[in-house]
Each structure stands twice: as C-alpha cells, then as structure tokens.
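Chains as they are written, first to last, in this note's numbering: chain R, 54 to 163; chain D, 2 to 112.
Worth double-checking, as some hints may not be accurate.
In silico DSSO-like pairs for lysine-lysine, Cα to Cα no more than 27 Å straight-line [unchecked claim]: (1) R/120 - R/55; (2) D/58 - D/12; (3) R/109 - R/55; (4) R/55 - D/16; (5) D/16 - D/58; (6) D/58 - R/95; (7) D/58 - D/18; (8) R/109 - D/12; (9) R/95 - R/120; (10) R/123 - R/55; (11) R/120 - R/109; (12) R/109 - R/95; (13) R/95 - D/16; (14) R/123 - R/109; (15) D/18 - R/55.
For the record, the hints were derived by calculation from the structure and aren't laboratory data. For clarity, every value in this text was computed on a predicted model and none was experimentally measured.
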Amino acid sequence: QKEVEQDPGPLSVPEGAIVSLNCTYSNSAFQYFMWYRQYSRKGPELLMYTYSSGNKEDGRFTAQVDKSSKYISLFIRDSQPSDSATYLCAMSGGAQKLVFGQGTRLTINP
Amino acid sequence: GAGVSQSPSNKVTEKGKDVELRCDPISGHTALYWYRQSLGQGLEFLIYFQGNSAPDKSGLPSDRFSAERTGGSVSTLTIQRTQQEDSAVYLCASSSLREQYFGPGTRLTVT
C-alpha cells in the first residue's frame, strides 16, 4: 500500500463547476500538506500549504485537512479552462522529503 | 524574483554514458531537494541537502547516482553509466521553511 493515495482520474468537468480533489494517507507522522499544480512539461507549482486540520482558503481554492481521517482535499470554485492541469498532493513529517500522490489529471471544458 | 532554474532542459544520451544535471536554487534558500518523475512511478524523492549537514541520500536508487552542493547553493546530480530505466524528468526544489518550490526540470532520455 502506498503512503499517499490519489485517484489519477482523468477528471473532466464543465467550466464554472466546483471541483473536488482528494488524497488519503496512512502515515500519522505527516504534519505538513501541500497541493501542487503541474501543467504539461512544466515543474510543479505550489498552490496551497497547510499544517493543521481545518480549511484554508486562497481565492478560488480551498484546502481542507482532516488528520483524524487522514484525508485531505482541494476544492476549486468557478473552475476555468486555465485550471486544466495535473494536481498533486504532497505531504511531509517535517522539513524533509515530500511524499507525493500519483496526481489527478483535470480537464475543464469550456 | 528568480525561481529555481535547471539545466539543461532536455538531455538525450546513449546508454552507458555519464550525465550531469544542474540546479540553481532560489537565493537564500538553505534546503535543496532532487526528485524524479516518471510514468507509473510519480514523483520520487532522491536526495536532500540542508545547510552544512550531511545530505539525506535515502532516495537514491543505486550507487550510480550521486549529487553534490557547492557553497550551499548550486547543486549537480550525476548519473553514471546511464540505463534506459533512468529516463525521466529530474526535478529540483528549494525551500527556506516548509514549502518547496520546484524548477522546470530536466527531461532525460537514455537511448
């Protein structure tokens, strides 16, 4: 079993929809949680960073962490075609290596 | 400001040759990481440098892989006697605290 599980998709939704992306993890030592967006042939771009249970909002993006269930989510409101990319969850137990999910490939259809 | 830069952006090499990949981290970042991204394996940690401490090499897949970081800044990842399974995108990241910022990667193809 992988430490971090993420449905690879692909996920296709119409423009304007709310998108929900999720990851589960098994290592209770993970304390820091990140979401990255990666466009084709580009490096991952940091979208959200959280270290506590609860919600964190930044514009159209909301990151949610539930440590008791070992479950994290990223919500995208009013999705745009420019949001089409692969979304990677990542987590760590400290200032060390990140463990990544497989990534979810998302397409927003105009 | 300037982000993480990597060179070359693409590298094609013959099986058995050695390659060197370069990473320039964000100025002032004390931590530097190398990851590998390949189809079917996702993003995998390779090695981590933090200041003057001994690097964490726990992710290096074999002794053909090595890395160094000179002067606490630029890093070079070296792969000796390349194999076809080494074909992947090699990503470098740097951080000052917890958040890691990635470069564009080097796409390595071993023929």
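Structure-inconsistent hints, enumerated in ascending order: 4, 8, 9 and 15
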